[in-house]
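Undergrad: Listed here are the chains, written in short residue letters.
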Amino acid sequence: AQKITQTQPGMFVQEKEAVTLDCTYDTSDPSYGLFWYKQPSSGEMIFLIYQGSYDQQNATEGRYSLNFQKARKSANLVISASQLGDSAMYFCAMRVGGTSYGKLTFGQGTILTVHP
Amino acid sequence: GAGVSQSPSNKVTEKGKDVELRCDPISGHTALYWYRQRLGQGLEFLIYFQGNSAPDKSGLPSDRFSAERTGESVSTLTIQRTQQEDSAVYLCASSLTSGTHNEQFFGPGTRLTVL
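Going down the list, the protein sequences come from chains F and X.
Under my numbering, think of the first position of the first sequence as 14, with each following residue one higher.
Under my numbering, think of the first position of the second sequence as 169, with each following residue one higher.
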């Protein structure tokens, strides 16, 4: 069975600073994908970034980057130059198996608060 | 283009009643997913459709829960004889199946309250 663990219930960061949100995962399948989603207080789920298990380089999307350490089974999200609008719940999720679609297993989330 | 839509946005029902939740996926998205999110929690997978078949329904919590999908279009999640523990936000998502990672696009959810 697969599992995602997010150990930080809440994180605080000053505006314009960088912040790292932790995510560790557990699966015995060698083929998997890791996703990060943002959920603002409005409730919508917004896709941020993806990392495949066979990807050689860490994924980056604008101010978001994924610090992928395969041996440690961690996929931490780094947000650079935090903005007030980054305040939200952040979820790490995993899909296992050789297909590029299928169910996601989510962690419990981290609430990020950005202070001015 | 239009995103994933869900209806109703809110549903209040009495314990023991049946409810139907509807999801309209993004046009052209072959895969459709249902998740449940309890207050302050992560998302729990319920069921996913590839076309109108359901290859994975492992997350349905009991036989009171069922879902169907018409072709590659609308899906309905039905909860029979609702219980108070069914209170949650029910999120629908859709995705392509042809890309490299096919991120899931989520609807706004249906907030279900069982009194």
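Keep in mind that the hints were calculated from the coordinates and are not lab data.
All values derive from a computational prediction rather than experimental measurement.
A portion of the hints provided could be inaccurate.
A short list of chain F residues far from chain X (calculated; beta carbon distances all over 12 angstroms) [said to hold, decoys possible]:
no., residue
1, Q19
2, P22
3, Q64
Derived pair list, reagent style SDA-like, types lysine to any residue, alpha-carbon separation capped at 25 angstroms [stated by the list, open to error]:
no., chain 1, residue 1, chain 2, residue 2
4, F, K29, F, T73
5, X, K225, F, P43
6, X, K225, F, T73
7, X, K225, F, Q69
8, F, K83, F, L97
9, X, K179, F, K16
10, F, K16, X, G208
11, X, K183, X, R206
12, F, K86, X, E212
13, F, K16, X, K183
Where a beta carbon is used, it is the ideal one built from N, C-alpha and C, also for glycine.
Undergrad: Okay, which hints does this one fail, numbers in order?
TA: Hints 1, 2, 3, 6, 7, 8, 9 and 13 are the ones this structure does not satisfy, whereas the remaining hints hold.
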